[in-house]
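J.: Sequence:
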Amino acid sequence: MHELLYYVLLAFAVSFISNATPFFGAAYTVYASLVLLDLRPTIPLVALFIVVTALGAAVSKNIMYLIGVALRRPMSRGRNMALLRGLLKLGYMWLIVVILAIIPGLPLDDYVYVGTGAAGASLTRLNAYVLLGKLIKSAVEIPIELTMFRAAYGATSMLGLTRLDFQVAFAVAFTVAGIMLYRLDWLSMYNWLRGRISLLPKVPEAED
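Take the sequence shown: its position 99, counted from the start at 1, is 98 in numbering that gives the first Met the number 0, and no numbers get skipped.
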């Protein structure tokens, strides 16, 4: 019982810390799956780890939101904030939050969470939608990863690189990509898409 509690707390801590690191995108479900292998997982145990990792990941995203709140004044002058505020008014931003929370590997959701903080979005709603996305993510990824590790454990070391090596490389790549994404004019790109896709709605306060 004590061993199980230790591993559950470890899974929560890893999920929280890895998701609280801006733009790192650590594969916390992979760590949870590796722990489960040692515990001889049953369906209830897998379900427990799905909930625990989702909670850890979702709660930690409050840090991204608070970063946005702290940077609200300098960020509010950007054109991209006008787009985020417009999407929030229409309700589409919450769908985007759920989708980005589910996408594996890419920490694109961090940029949106910072933006929601700067745009003054509801923190309660943000937590609810992020938790929904992370529950879906963990429920999909953990069973798949368990199956993969059972079938071919150790395959990730074929190139001679550890998982930490891969994550450091991904952290650098994601940081560079994040800087490039931030410098893009999302407002102009959205308006360009609107001109070609009639189904896209007009975003309040986001028109040229």
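These are computed hints drawn from the structure, not numbers from a lab. All C-beta atoms in this analysis are idealised placements derived from N, C-alpha and C, irrespective of residue type, glycine included. Be aware that one or more of the hints could be misleading.
Ranges between beta-carbon positions, derived for each pair [to be verified]:
#, residue 1, residue 2, range
1, Ala46, Arg182, 36 to 44 Å
2, Ser121, Arg39, 24 to 32 Å
3, Glu2, Ile42, 16 to 24 Å
J.: With reference to the structure, classify each hint as holding or not holding.
T.: Verification of the hints:
1. Take Ala46 and Arg182: their Cβ atoms lie about 42 Å apart, and the range 36 to 44 Å holds.
2. The hint said 24 to 32 Å for the Cβ distance between Ser121 and Arg39, and at roughly 42 Å that hint is violated.
3. Evaluation of the 16 to 24 Å hint for Glu2 and Ile42 yields a pass: the beta carbon distance comes to about 19 Å.
Comparing the model with each numbered hint stated earlier shows that hint 2 is the single one that does not hold.
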